[in-house]
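2 protein chains.
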Amino acid sequence: MKQSKLFLNTLRENPADADVASHRLMLRAGLMRQLTAGVYTFLPLGYRVLSKIEAIVRQEMDNAGAQEVLLPAMQPAELWQQSGRWEDYGAELIRFQDRHDRTMVLGPTHEEVITSLVQNEVQSYRQLPVTLYQIQTKFRDEPRPRAGLLRGREFRMKDAYSFDLDEAGLDASYQAMYDAYCRIFDRLGVEYRAVEADSGAIGGEAGNHEFMVLSEAGEDTIAGCSHCSYAANVEKAVGQALPQADASQTPAREKVATPGTKTIEDLVRVLGVSASQIIKVVVYLADGKPVAACLRGDHEVNEVKLKKVLGAKDLTMASAEEVLRETGKPVGFVGPDCGLKVVFDRDILSIADGVAASNEAGYHDIHVVPNRDFPVPETADIRMAAAGDLCVKCGQPLRLFRGIEVGHVFKLGTKYSKAFGATYTDESGAERTIIMGCYGLGTSRVIPAVIEQCHDENGIIWPIAIAPYHVHIVPVNIKDEQQVKAAESLYHRLHAAGVEVLLDDRDERPGVKFKDADLIGLPVRVTIGSKIAEGNVELKIRRTGEVQVLTVEQAFETILGIVK
Amino acid sequence: MKQSKLFLNTLRENPADADVASHRLMLRAGLMRQLTAGVYTFLPLGYRVLSKIEAIVRQEMDNAGAQEVLLPAMQPAELWQQSGRWEDYGAELIRFQDRHDRTMVLGPTHEEVITSLVQNEVQSYRQLPVTLYQIQTKFRDEPRPRAGLLRGREFRMKDAYSFDLDEAGLDASYQAMYDAYCRIFDRLGVEYRAVEADSGAIGGEAGNHEFMVLSEAGEDTIAGCSHCSYAANVEKAVGQALPQADASQTPAREKVATPGTKTIEDLVRVLGVSASQIIKVVVYLADGKPVAACLRGDHEVNEVKLKKVLGAKDLTMASAEEVLRETGKPVGFVGPDCGLKVVFDRDILSIADGVAASNEAGYHDIHVVPNRDFPVPETADIRMAAAGDLCVKCGQPLRLFRGIEVGHVFKLGTKYSKAFGATYTDESGAERTIIMGCYGLGTSRVIPAVIEQCHDENGIIWPIAIAPYHVHIVPVNIKDEQQVKAAESLYHRLHAAGVEVLLDDRDERPGVKFKDADLIGLPVRVTIGSKIAEGNVELKIRRTGEVQVLTVEQAFETILGIVK
Chain A
1 MKQSKLFLNT LRENPADADV ASHRLMLRAG LMRQLTAGVY TFLPLGYRVL
51 SKIEAIVRQE MDNAGAQEVL LPAMQPAELW QQSGRWEDYG AELIRFQDRH
101 DRTMVLGPTH EEVITSLVQN EVQSYRQLPV TLYQIQTKFR DEPRPRAGLL
151 RGREFRMKDA YSFDLDEAGL DASYQAMYDA YCRIFDRLGV EYRAVEADSG
201 AIGGEAGNHE FMVLSEAGED TIAGCSHCSY AANVEKAVGQ ALPQADASQT
251 PAREKVATPG TKTIEDLVRV LGVSASQIIK VVVYLADGKP VAACLRGDHE
301 VNEVKLKKVL GAKDLTMASA EEVLRETGKP VGFVGPDCGL KVVFDRDILS
351 IADGVAASNE AGYHDIHVVP NRDFPVPETA DIRMAAAGDL CVKCGQPLRL
401 FRGIEVGHVF KLGTKYSKAF GATYTDESGA ERTIIMGCYG LGTSRVIPAV
451 IEQCHDENGI IWPIAIAPYH VHIVPVNIKD EQQVKAAESL YHRLHAAGVE
501 VLLDDRDERP GVKFKDADLI GLPVRVTIGS KIAEGNVELK IRRTGEVQVL
551 TVEQAFETIL GIVK
Chain B
1 MKQSKLFLNT LRENPADADV ASHRLMLRAG LMRQLTAGVY TFLPLGYRVL
51 SKIEAIVRQE MDNAGAQEVL LPAMQPAELW QQSGRWEDYG AELIRFQDRH
101 DRTMVLGPTH EEVITSLVQN EVQSYRQLPV TLYQIQTKFR DEPRPRAGLL
151 RGREFRMKDA YSFDLDEAGL DASYQAMYDA YCRIFDRLGV EYRAVEADSG
201 AIGGEAGNHE FMVLSEAGED TIAGCSHCSY AANVEKAVGQ ALPQADASQT
251 PAREKVATPG TKTIEDLVRV LGVSASQIIK VVVYLADGKP VAACLRGDHE
301 VNEVKLKKVL GAKDLTMASA EEVLRETGKP VGFVGPDCGL KVVFDRDILS
351 IADGVAASNE AGYHDIHVVP NRDFPVPETA DIRMAAAGDL CVKCGQPLRL
401 FRGIEVGHVF KLGTKYSKAF GATYTDESGA ERTIIMGCYG LGTSRVIPAV
451 IEQCHDENGI IWPIAIAPYH VHIVPVNIKD EQQVKAAESL YHRLHAAGVE
501 VLLDDRDERP GVKFKDADLI GLPVRVTIGS KIAEGNVELK IRRTGEVQVL
551 TVEQAFETIL GIVK
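Same order as they appear, the protein sequences are chains A and B. The opening residue of the first sequence carries number 1 in full-length UniProt numbering; numbering runs sequentially from there. The opening residue of the second sequence carries number 1 in full-length UniProt numbering; numbering runs sequentially from there.
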């Protein structure tokens, strides 16, 4: 492609309202433009990247034995009423009336449509297992679209659905998709982790993984082992229990005045203790009833875990007024023996010489020992995993990462097949419910996720598998006939050899061309300048910045080696 | 692909409500299923066909220098208000409120979005010309969805838009798209005509062609030359004027009683004349004022042409009451000298010895000669072209066809660029309006259009370029180990050679397998039966029914020859 013909405007300035690197770079490098909040047009460069990602996804889905279909975006409301998601999905589900006043929705996902399809088409065990997938535009009316393609209202997604005879079949279908996802992200050339995710109300153990591209711009926090493959969403992550403390030398409990201390930090400062010595109490309302969570001051309550331990449907932290009403004490001065029901975190027992509130405004007790100075009848894991916790699988320390969720594989079980009566007749003639899994991958979200990992202060650094073109040929001066001739000749030779080349044939200053080349970020740049008089060109690797002076022939061979 | 694994149910019976062959066959061959009126799911076989069509379209767009983008389906209402189509599009435009109560539409087409994009991105003449295209799902709330994919509410479409400096540039962009369309339909292997279409309010001469796949199931009538390439929508088609008659021997006008004659057929029967001798008068209201159209009894008024001749905005045929009110005569007895303004068709002068109403109920005049017995001050072409009219280009007779519109290329001019202020600065620094063209191609509609041409009573007959698979291997008895072994071996060899093969490994009776194979309609069927004992198989060409008995090796080579 000749750059003078390419529909491309790069932007010199950072666009307003784009505070995430990938969002800025996608606008500046002319990959996309916003039409309205959370809705983007893919321009030619951006569309090339998207289609390469989708081609990789398609290949790996096909290799895994999944069959491609295309389900409608327009769906009758009745399907969503049947599954119960008509209410559950809330305002994210886009709804409209058709000309005959039937209510329709725009598909944010396709469990309803595909389950009703399979219910009609599948009668016998002979027709199973089957995994169907599609790559399609989805609609989700996000309350706060942000960060460009990271959270939009119209986006591209691959979604697959597996249909199996039994749990063992689901396990196999799930594993095939899990493996395909690993191959996809390996091929995309990004650093990612498959993370155990909380399965919420549905799904069993080990039946719910999120695929996270590691990035500080991510909305999710992951605890991952520094040594083995263990990784889990921080809401789900578990470390080893800390060793119980030896408190045999701890002096007796003693009350001290701590007026005005409101936070853990205040106590650390006033008493000269470490946060890990503080016995923290947080008051909640679980289904409206007060309950206290007790854990170390350097740990955070994991509300998902606490909710499960309590078997509560609803859990909210008590306000200052509610704390006072339920305990009679002001916030910050409620101790573990406050009279409420208390759930103890298991690591509370790692405190040898602790500090606890005295249940009296302005006072704390020091030299407090759990199970000596107050009873700890039982404990549970109710906290967030923290950096340095030891991995449950291999004992090495966990680290905390932030990640961008780009894929999700999920054992659905029978939630939808039951709602739609999707059954099959087994070999004995009995009717059984089909077991389902679902597997999403945000193909358009992969673009910013990759850019978050692959950029520097000058622009994007494309992995070769999804670069819009492989090579950027930049003749420095297009009024120099020798440079232009050499550039065109190399362009045609590479093109004929199957290499995708962008030729910057614009009449621009070299500085402008180099800045644009770095911004667009093709893996290899060939600069053709005055050295061409001796038959030489400069080959620059965008990722490393490495520059080699080569003959045209050497450059040609080097590029073929990089691309193939 | 092994058929036992393929997500495919063929149907023995014709589905209710499917009265068009392609609709029936697409359902029966398991290419698609209806979700709701005019909205379909593409199943694996159907999706393979669609993606092959779209791949051909994409290649030819790229070859023509168009650049692929992807524009949003969700569009702000403001864009449509700006272009004026917010009202014009009526109930076909799907509208909805987003969660912040902004009104959005679902794109039925993308002139608004792309013109506003180009308005933002293009400043200089150096950035033009450019042609952008996308392949995408479109939404149009048809009042009466019908015939499966022939007229649906959600469908797939390629739409391209060209942006040029001037009319000459538009001519070149238009021609490039026209030629690309010809290559696309040639490659698809269907009989089609590029048909001059009426351009309605917009577009000049030769700036509006419909690409029609010829088929009786089509909604459009085309007049096409039997000899040269001339073809036009019947609303636009022009034949040569008929020779003027020599009336020198015609007797004098004579009044005869014709009581109860209401139609041309009645007159033909009662008077023993031919329809071509009858001088027909049809009364219209043009912008509310009465006007008569006068033409031969065997010709039909072309209201599009008549409207243009009159320069009228609105044209409706007068009711019987209106005829009586405006002329004082009952319908059927209004003559060419009725006192109203009369527009004469040019071929009225071909009548040597005519019959005209006497302007008196129950009477006609015979031996009437135009321009002798009533004045014909001027004539115009105001009729539909008819079979047998002579081609204006080559003089050979025209034929009438029915066709399915699958593509449309159109010179838009400045309609949208003016509405959105899409201008560029020319070399002299002056601001000029960009000139646009638009080019649609219904990729999903191509499927039924092809099937209408390519089927017989047993099923579909796929052209090889878009067949879901090239070859169907059918072992007659999968309990016969030799047959199965030979089938699998041929399957793997063909697959390795790049041939797409469907292997019917189902344990079904031969009759069922053959019926399904004919229905699905892959170009080549290899039947492996008892003759395999002598090393032979049967190769059947679906289109011709031709059957050859070949060795496995010969079959392999023959198939490679057909596919490559």
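Calculated directly from the structure, the hints in this document are not laboratory data. Some hints could be false.
As the list claims (entries may be wrong) - Listed next, the in silico DSSO-like pairs over lysine-lysine satisfying Cα-Cα at most 27 Å (straight line): (1) B:138 with A:138; (2) A:5 with B:329; (3) B:418 with A:418; (4) B:307 with A:52; (5) B:564 with A:5; (6) B:138 with B:307; (7) A:415 with A:393; (8) B:2 with B:485; (9) B:540 with B:515; (10) B:307 with A:415; (11) B:52 with A:138; (12) A:341 with A:418; (13) A:255 with A:236; (14) B:52 with B:418; (15) B:564 with A:564; (16) B:52 with A:52; (17) A:307 with A:329; (18) B:138 with B:308.
What the hints assert, rightly or not - Okay, the calculated bits of chain A under chain B, using three or more residues with CB under 8 Å as the criterion: (19) 66 to 79; (20) 164 to 177.
Claimed, not checked - Label pairs and their in silico Cβ distance ranges: (21) A:126 with B:530: 44 to 54 Å; (22) B:62 with A:557: 26 to 36 Å; (23) A:63 with B:183: 26 to 36 Å; (24) B:77 with A:397: 34 to 44 Å; (25) A:10 with B:62: 52 to 62 Å; (26) B:63 with A:4: 54 to 64 Å; (27) B:14 with A:165: 24 to 34 Å; (28) B:512 with A:314: 50 to 60 Å; (29) A:183 with B:512: 34 to 44 Å; (30) A:402 with B:186: 37 to 47 Å; (31) A:4 with B:14: 34 to 44 Å.
Glycine is no exception: its CB is placed at the ideal position from the N, C-alpha and C atoms.
Checked hints:
Proposed proximity of residue 138 (chain B) and residue 138 (chain A) is supported: the alpha carbons are some 13 Å apart, at most 27 Å. As the CA atoms of residue 5 (chain A) and residue 329 (chain B) are separated by approximately 67 Å, the hinted pair breaks the 27 Å bound. Restraint check for residue 418 (chain B) and residue 418 (chain A): the C-alpha separation of about 55 Å exceeds 27 Å, so the hint is violated. With a C-alpha separation of about 51 Å, the suggested pairing of residue 307 (chain B) with residue 52 (chain A) is violated against the 27 Å cut-off.
The suggested pairing of residue 564 (chain B) with residue 5 (chain A) is violated, with an alpha-carbon distance near 34 Å, which exceeds 27 Å. Taking the CA atoms of residue 138 (chain B) and residue 307 (chain B), the gap is near 32 Å; set against the 27 Å cutoff, the hint is violated. Under the criterion of a C-alpha separation no larger than 27 Å, the hint pairing residue 415 (chain A) with residue 393 (chain A) is inconsistent with the structure, at around 31 Å. Only pairs whose Cα atoms come within 27 Å are accepted, and residue 2 (chain B) paired with residue 485 (chain B) is accepted, the gap being roughly 14 Å.
Straight-line distance between C-alpha atoms of residue 540 (chain B) and residue 515 (chain B) comes to about 13 Å, which keeps the hinted pair within the 27 Å bound. At most 27 Å may separate the alpha-carbon atoms for a hinted pair to count; residue 307 (chain B) and residue 415 (chain A) exceed this at roughly 61 Å. Taking the CA atoms of residue 52 (chain B) and residue 138 (chain A), the gap is near 23 Å; set against the 27 Å cutoff, the hint holds. A distance of roughly 39 Å separates the Cα atoms of residue 341 (chain A) and residue 418 (chain A); the hinted pair therefore is violated under the 27 Å criterion.
The hinted pair formed by residue 255 (chain A) and residue 236 (chain A) fails the criterion: a straight-line CA distance of about 37 Å is larger than 27 Å. Annotation: proposed proximity of residue 52 (chain B) to residue 418 (chain B) is violated, straight-line Cα distance about 37 Å (limit 27 Å). Between residue 564 (chain B) and residue 564 (chain A) the CA atoms are separated by roughly 26 Å; this keeps the pair inside 27 Å, and the hint holds. Between residue 52 (chain B) and residue 52 (chain A) the CA atoms are separated by roughly 17 Å; this keeps the pair inside 27 Å, and the hint holds.
Proposed proximity of residue 307 (chain A) and residue 329 (chain A) is supported: the alpha carbons are some 24 Å apart, at most 27 Å. Under the criterion of a C-alpha separation no larger than 27 Å, the hint pairing residue 138 (chain B) with residue 308 (chain B) is inconsistent with the structure, at around 33 Å. With 10 residues having a Cβ less than 8 Å from any Cβ of chain B, the region 66 to 79 of chain A passes the three-residue criterion, so the hint holds. Coverage of a stretch by a chain is defined here by at least three residues with a beta carbon nearer than 8 Å to that chain's beta carbons; for the region 164 to 177 of chain A and chain B the count is 0, and the condition is violated.
A hinted range of 44 to 54 Å is violated for the C-beta pair residue 126 (chain A) and residue 530 (chain B), which are about 26 Å apart. Taking the beta carbon of each, residue 62 (chain B) and residue 557 (chain A) are about 28 Å apart, inside 26 to 36 Å as hinted. Distance hint check for residue 63 (chain A) and residue 183 (chain B): the Cβ-Cβ separation is about 32 Å, which falls inside the suggested range of 26 to 36 Å. Judged by the Cβ atoms, the range 34 to 44 Å given for residue 77 (chain B) and residue 397 (chain A) is violated: they are separated by roughly 55 Å.
A hinted range of 52 to 62 Å for the beta carbons of residue 10 (chain A) and residue 62 (chain B) is inconsistent with their spacing of about 23 Å. Between residue 63 (chain B) and residue 4 (chain A) the beta carbon distance is about 19 Å. The supplied range of 54 to 64 Å is therefore violated. In this structure, residue 14 (chain B) and residue 165 (chain A) meet the distance hint of 24 to 34 Å, their C-beta atoms being roughly 32 Å apart. Separation of residue 512 (chain B) from residue 314 (chain A) is about 57 Å and conforms to the stated range, judged on CB atoms against 50 to 60 Å.
In this structure the supplied range 34 to 44 Å holds for residue 183 (chain A) paired with residue 512 (chain B), their Cβ-Cβ distance being about 38 Å. Between residue 402 (chain A) and residue 186 (chain B) the C-beta distance comes to about 54 Å, which lies outside the given range of 37 to 47 Å. The given range of 34 to 44 Å is broken by residue 4 (chain A) and residue 14 (chain B), whose C-beta atoms sit roughly 57 Å from each other.
The structure fails hints 2, 3, 4, 5, 6, 7, 10, 12, 13, 14, 18, 20, 21, 24, 25, 26, 30 and 31 (numbered hints given earlier, in ascending order).
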